[in-house]
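Residue numbers (my numbering), protein chains in the order written: chain Y, 1 to 437; chain Z, 1 to 292.
Heads up, some of the hints might be wrong.
[Unchecked claim] With a straight-line cut-off of 30 Å between C-alpha atoms, the simulated BS3-like cross-links for lysine-lysine are:
no., chain 1, residue 1, chain 2, residue 2
1, Y, LYS434, Z, LYS39
2, Z, LYS55, Y, LYS434
3, Y, LYS144, Y, LYS325
4, Z, LYS39, Y, LYS427
5, Y, LYS233, Y, LYS261
6, Y, LYS431, Z, LYS257
7, Y, LYS299, Y, LYS165
8, Y, LYS325, Z, LYS257
9, Y, LYS146, Z, LYS257
10, Y, LYS431, Z, LYS39
11, Z, LYS39, Y, LYS426
12, Y, LYS165, Y, LYS181
13, Z, LYS257, Y, LYS434
14, Y, LYS380, Y, LYS286
15, Y, LYS261, Z, LYS155
16, Y, LYS427, Z, LYS55
17, Z, LYS257, Y, LYS427
18, Y, LYS426, Z, LYS257
19, Y, LYS144, Z, LYS257
20, Y, LYS330, Z, LYS257
21, Y, LYS184, Y, LYS308
22, Y, LYS144, Y, LYS338
23, Y, LYS261, Z, LYS257
24, Y, LYS431, Z, LYS155
25, Z, LYS55, Y, LYS426
26, Y, LYS187, Y, LYS261
27, Y, LYS233, Y, LYS427
28, Y, LYS371, Y, LYS165
29, Y, LYS273, Z, LYS155
30, Y, LYS187, Z, LYS155
31, Z, LYS55, Y, LYS431
32, Y, LYS427, Z, LYS155
33, Z, LYS39, Y, LYS325
34, Y, LYS261, Y, LYS426
35, Z, LYS39, Y, LYS146
36, Z, LYS155, Y, LYS426
37, Y, LYS338, Y, LYS45
38, Y, LYS53, Z, LYS257
Please keep in mind that the hints were generated in silico from the structure rather than gathered at the bench. It should be emphasised that the depicted structure is a prediction, and the values quoted were computed from it without experimental measurement.
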Amino acid sequence: MLKKFYVAALVCFLSLSIVLTGCSSGQDNKEAPSGTGAAASKGDKPYSGQTIKFLVPTWFEYKPEFFKPFTDKTGITVEQEIMDWQQIHDNFVTASAANSPLADVVELDWSWVGQFGSAGWFEPLNQVIPEDVQKDIGTLNIFKLKDDLVGLPASNDFRVYGIRKDRVGDKPVDTFDHLMKTAKEMKQSGADEYPVSMTLAATEDLSTAYYGLVTAMGGRLFDDQWNLSVLDKNSPAYQALTYLFQLYNDGLIDPKALGLKSDEVGNTFRSGKGSIIIGYSPQGQKDSDDASKSKIVDKAVPILVPGKNGDHVSFGLPEGLGIPKNAEHKEAGIELLKWLMEKDTMETLYNDYGVFPVRNSVITDLFNQKKLRYGDIYAKQLQSMASLFPQGTPLWYSQFSTSVGTILNYGLKNRLSVDQTVQMLKKDFDKIDKSQK
Amino acid sequence: MLKKHNEYRTAYLMIAPLILVMLLFVMIPFVNSVVQSFKSINLTQPNQDHWIGFKNYADLFQDQNILSALLNTSYYTVIAIFFEILLGLLIALMLRRAFRFRFLVLAVLIIPWSLPPLVGGITWGWIFNPQYGILNVLLSRMGIIHEYQLWTLHKEATIGIISLVHVWKNMPFATVVLLSFLQQIPKDLYESSSIDGASRWQSFRYITLPMLAPALAIALTMSTIAAINIFDEVFSINAFGLETRSIMIENYSIAFKDLRLGYGMAVSMVITLISLLFSWSYIRSTYRKEAV
Numbered sequence: 001m002l003k004k005f006y007v008a009a010l011v012c013f014l015s016l017s018i019v020l021t022g023c024s025s026g027q028d029n030k031e032a033p034s035g036t037g038a039a040a041s042k043g044d045k046p047y048s049g050q051t052i053k054f055l056v057p058t059w060f061e062y063k064p065e066f067f068k069p070f071t072d073k074t075g076i077t078v079e080q081e082i083m084d085w086q087q088i089h090d091n092f093v094t095a096s097a098a099n100s101p102l103a104d105v106v107e108l109d110w111s112w113v114g115q116f117g118s119a120g121w122f123e124p125l126n127q128v129i130p131e132d133v134q135k136d137i138g139t140l141n142i143f144k145l146k147d148d149l150v151g152l153p154a155s156n157d158f159r160v161y162g163i164r165k166d167r168v169g170d171k172p173v174d175t176f177d178h179l180m181k182t183a184k185e186m187k188q189s190g191a192d193e194y195p196v197s198m199t200l201a202a203t204e205d206l207s208t209a210y211y212g213l214v215t216a217m218g219g220r221l222f223d224d225q226w227n228l229s230v231l232d233k234n235s236p237a238y239q240a241l242t243y244l245f246q247l248y249n250d251g252l253i254d255p256k257a258l259g260l261k262s263d264e265v266g267n268t269f270r271s272g273k274g275s276i277i278i279g280y281s282p283q284g285q286k287d288s289d290d291a292s293k294s295k296i297v298d299k300a301v302p303i304l305v306p307g308k309n310g311d312h313v314s315f316g317l318p319e320g321l322g323i324p325k326n327a328e329h330k331e332a333g334i335e336l337l338k339w340l341m342e343k344d345t346m347e348t349l350y351n352d353y354g355v356f357p358v359r360n361s362v363i364t365d366l367f368n369q370k371k372l373r374y375g376d377i378y379a380k381q382l383q384s385m386a387s388l389f390p391q392g393t394p395l396w397y398s399q400f401s402t403s404v405g406t407i408l409n410y411g412l413k414n415r416l417s418v419d420q421t422v423q424m425l426k427k428d429f430d431k432i433d434k435s436q437k
Numbered sequence: 001m002l003k004k005h006n007e008y009r010t011a012y013l014m015i016a017p018l019i020l021v022m023l024l025f026v027m028i029p030f031v032n033s034v035v036q037s038f039k040s041i042n043l044t045q046p047n048q049d050h051w052i053g054f055k056n057y058a059d060l061f062q063d064q065n066i067l068s069a070l071l072n073t074s075y076y077t078v079i080a081i082f083f084e085i086l087l088g089l090l091i092a093l094m095l096r097r098a099f100r101f102r103f104l105v106l107a108v109l110i111i112p113w114s115l116p117p118l119v120g121g122i123t124w125g126w127i128f129n130p131q132y133g134i135l136n137v138l139l140s141r142m143g144i145i146h147e148y149q150l151w152t153l154h155k156e157a158t159i160g161i162i163s164l165v166h167v168w169k170n171m172p173f174a175t176v177v178l179l180s181f182l183q184q185i186p187k188d189l190y191e192s193s194s195i196d197g198a199s200r201w202q203s204f205r206y207i208t209l210p211m212l213a214p215a216l217a218i219a220l221t222m223s224t225i226a227a228i229n230i231f232d233e234v235f236s237i238n239a240f241g242l243e244t245r246s247i248m249i250e251n252y253s254i255a256f257k258d259l260r261l262g263y264g265m266a267v268s269m270v271i272t273l274i275s276l277l278f279s280w281s282y283i284r285s286t287y288r289k290e291a292v
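So here's chain Z without its partners, still in its complex pose (with noise of 0.2 Å):
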């Protein structure tokens, strides 16, 4: 009994350091953010703060940028969670098999997803630029285009290049998690299938798929956290532009451009609230699927 006790107490030990850090840096912070999210916080009237219950979750509700922002954040997530899974799977059943070279396309894959994003985004807006952009260069070289183009004129267009350039950054994350668990995948069960007479098809379906679930879960949760979180591709590409602000655009101009706080705060629990839902339904149905 005393034994087990110590035991216990050397692994609380052990794990003291990271929950004292959690504690400092993300539990205490996020418990300051909940209740300042319910106070009226205007840094230009310093000492003024007040409680105000929930009137800026009720005023968010009612905002008419903040509703239209996460109308074009879903957009964002929608595109970025198909494409990004779709594309990272069928990268990685091509990088499951051994080929010449293969370490080398795994390493060039991973480069959008190494850079920090400002740079991925800064080099987006270099490409796309109406002035200068490599886009035009190349398209009106080929005699493709005539004059120049603004890429950003329309709405579809410009949260289609923004997905593009996110997507393109994201999915290498998505390949390199199915990757590793594709590999773990044992080859005796696809030899079975085989032998048992089983397609392509089937064993894609009935073998891969289950057994990838929890990477799909993982992919999943961690590209649609990415996607709601979309920053910096956007502010890129069309800065503050009305049609297709981020929620995260949004939250940072209320917090950091109008120096509103309290408002930010409230708007940033909402997003945290909507990334947890999504994270939680991933992993409840992986979790279901696993047990059953």
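Same shape as in the complex, but just chain Y (with noise of 0.2 Å):
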């Protein structure tokens, strides 16, 4: 019996010690922190030997040989992680509320600003930084929280919209007026079946694409005391909704939008089908130039948004990068950061991976060097940029913005009048507690 005894015990204890060494895995192998006594003694390499977790979405994957110059200028060595954005926000989220380190350098897209910001979950940036550096990042303040520099744009997204100029030839589309007349008239004359491309699946991509209509007819989402602009019936936001709904509503977008995303509206647009692309950007554009990506080569070209009495407005969606606050190598993740912001780093990111600069110099020299294809359109684009908040992103934003995606999709799947659509959003919008400033 005493046998059967200390044999149970030594089972409760092994068991014991495995669950208690699960526990604790992951603090053994910890380097020793990176102080400045240890910098001192390593010279101008003083995270030399430090391997830093680069995290980050399958559009921003580049080749490990990318990284080595910035591991012969530094002597810290990269190591990426690929993960779909959705999944990097969940991960991101879970490791930050428990306090375990996910990563050393991580994907911060411009929409996480206001929540993880205010989370506190990422690194201030100002002063590690240099100034004119950042005076030379256009889209700067959309990563800054009350003066807080969370993160640093990484890649310039914004918005252009795309035409097919052996569709569309000389026919004016510089107004939303002249975008529809031009599609209607394309519809009936059997041009094309559905001329307006643009994604309605019920994804963050249909709240960006209506935000990008609202600014580009001279409207905000919301008033100086955060109402919603839509609810007024004479604002650009209520009229960029009817806009959107009459597109569909009229046959100019294919139904079949509904249930796209936009990177499969713009395959679609790339396999000859559409012939007016709202929501396009330079990468787009670079893709259609590709022939192993599209059967439109040098048929399509990027032009301004659309807009009011000569305006061409549209906002800027700038996906960056940051150190989380629990990173283990925060000092080798801010050097990858400053090596990222180095002209020729930036000039290599466009060249071998599409990846438009955010430094307003490199876009002017890669202009000057005639190697950014349609740079004058793009140019001319980024001298019309606006704020989508200007008083800073709200902290409930991503909560609002899922709202508008899948109501508008819900809207126009079941034939939802403009009125009722505007309900729907601001019987959810009252939902949101804005008290979180």
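Each of the two chains sits in its own frame; use the hints to bring them together as a complex.
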């Protein structure tokens, strides 16, 4: 009997050890913190020998040789981890809430700045990035929260429109009335069954496409007191919604767009369907000119966002990078950010990976070197960029934006009127706790 | 007396590791979640958590999105239970008999269940994709449709598609459970009933079904819990679409997109309670029947 007892006790002890070892794993292999003493002893490569984790979505996946110059310069090795954009969001939230390090440099989308910045999950970068570099980045303010620079833009994503010049020809598309008229003429003539391409799926893409229409029509989503502008029938926000519904209800947009994300709409456009694409980007244009991805090489061109009174207002959707507060190698991560902000690195990123530069001087250089196709259009568009939230991105942005995408999709799918859709938006918006500042 | 005491001690020691693991990874997080569901916790406002009593629970029962998600989930649950149990039982009855390649059929049947849920969801998402989905390609080549269709245009069709994917994934489990119990029913019972002149239907009604009651309770419980927790299938096919959103998608959106953890915990508690109620009622009715 005693033997039985000892065996049971041993099993219990071993199990407990395994559980506790599991709980404490991850604590043992930490490198020594890179304090200033250690830094001083390593000369100009203070963080040499450290390996940092670089967690980014698929479109920021670089070949390992891309980081070689950085490793040669700093002695820091970069380990890329590629994840789906939404998964990065969820994993980062979970890891940060549990104060568990996930990576040293992490994707920070502009739409996450309000939430993650106010949660204090990112290291402020105001002091570590040279001031001249900061001044050279046009979209930097989007990554500021109460004067704290919580991340740096890494890809200058902004929206233009695109047209098939072989189909649209000289027909005007510089105002929204022109766009509607041109699209209707193309449909009536049989030139294109669904002349306008844009995503209408219940995702963030539809929300941002709608915001694009609002800003292009000279409006804002909220007034200064955070009241929903779309409730006013005379507001550009209401007109933008009416316009969107008209495009769909008049059969100018393919109903299948209700189930297609923006990248799928882009693929459809590149396969030869559609003549005017709303929510186009420099990267989209680069893909349209890539024969391995497109059937419309040299047929599609970017154009300025249509507008009113000769305006062509767009807004930026930059994707950025940040250093999590609980990163294990913050200083080495900052070194990587500094290197990514260097002019040469940005030029390589544009030339080899199509990442549109965030520094104005790099855009100018590329344009002068004739390496930036349609650079004149982009440069002109970049001069007319509106801020989506001049008061700063609200903490409840994500909640609001999810509502907008899903409700617009629901309204279009179920053929609701604009007013019915606005009432749904209002109802959802009223539920949001806006006391969060 | 001392011997019995020592035996108990041994038994307790043997189950201690399991209890420890359950405590650490199930009970403590569960109690923590219950406590947090009575608090206002928003991750964007660190260190501002505060006790709000039943407010989260009161709010959620007035939240149209949650009520609509609960209604959608009830559709998924009813459809899933009906088809998983019915088809599972039919297939189990067929597989009970020995035939050539029976084990191969069984192995193939298990594949959907063994796939990670997201893989199955993504695969079906591709099948129904309006741009390049194989269903559109096939129907178009057969001349049944003239242009590619968006299969998720109407709510009823989308709920049907999502339910189909869910049944495809979960039905094998019901089949295997039912089959394992079917194989344990003594053949003598059927032979005796046959001698007594019972028809096939009577044998099934008065022998097979009663003997399968515990298996049906297990299959029903698992099917119900899986349907209440439906997520990947909905997300892969219609993302956050309002008209098909399940309660788990709504919960995910609240907790992980909006970062309202307290409210999200309250929703989780309601989901857990609903699952427990169903499971308890199935098991209770089964054991009551057995007792009778």
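Hinted pair, alpha-carbon criterion (30 Å max): LYS187(Y), LYS155(Z). Please report holds or violated.
With Cα atoms ~29 Å apart, LYS187(Y) and LYS155(Z) stay inside 30 Å; holds.
Straight-line alpha-carbon gap LYS434(Y) to LYS39(Z), limit 30 Å:
18 Å, holds
Hinted pair, alpha-carbon criterion (30 Å max): LYS261(Y), LYS426(Y). Please report holds or violated.
25 Å, holds
Assess, step by step, whether the Cα of LYS426(Y) is no farther than 30 Å from the Cα of LYS257(Z), and give holds or violated.
20 Å, holds
Are the Cα atoms of LYS330(Y) and LYS257(Z) separated by 30 Å or less?
Given pair LYS330(Y), LYS257(Z) holds - Cα atoms ~26 Å apart, limit 30 Å.
Please verify whether LYS144(Y) and LYS257(Z) have alpha carbons no more than 30 Å apart.
Holds - the C-alpha atoms of LYS257(Z) and LYS144(Y) are around 21 Å apart, at most 30 Å.
Take a quick look at whether LYS257(Z) and LYS434(Y) sit within 30 Å of each other, Cα to Cα.
16 Å, holds
Measure nothing beyond the straight line between the CA atoms of LYS55(Z) and LYS434(Y); if it is 30 Å or shorter, mark the hint as holding.
Given that 30 Å is the threshold and the Cα spacing comes to 17 Å, the pair holds.
For a C-alpha distance cap of 30 Å, please report whether LYS299(Y) and LYS165(Y) respect it.
Between LYS299(Y) and LYS165(Y) the Cα gap is close to 6 Å, so the pair holds against 30 Å.
Has the given pair, LYS261(Y) with LYS257(Z), been kept, meaning a C-alpha gap of at most 30 Å?
19 Å, holds
Take the C-alpha atoms of LYS371(Y) and LYS165(Y), compute the straight-line distance between them, and say whether it is at most 30 Å.
Given that 30 Å is the threshold and the Cα spacing comes to 22 Å, the pair holds.
Straight-line Cα separation of LYS233(Y) and LYS261(Y) no greater than 30 Å?
29 Å, holds
In this structure, none of the earlier numbered hints is contradicted; all agree with it.
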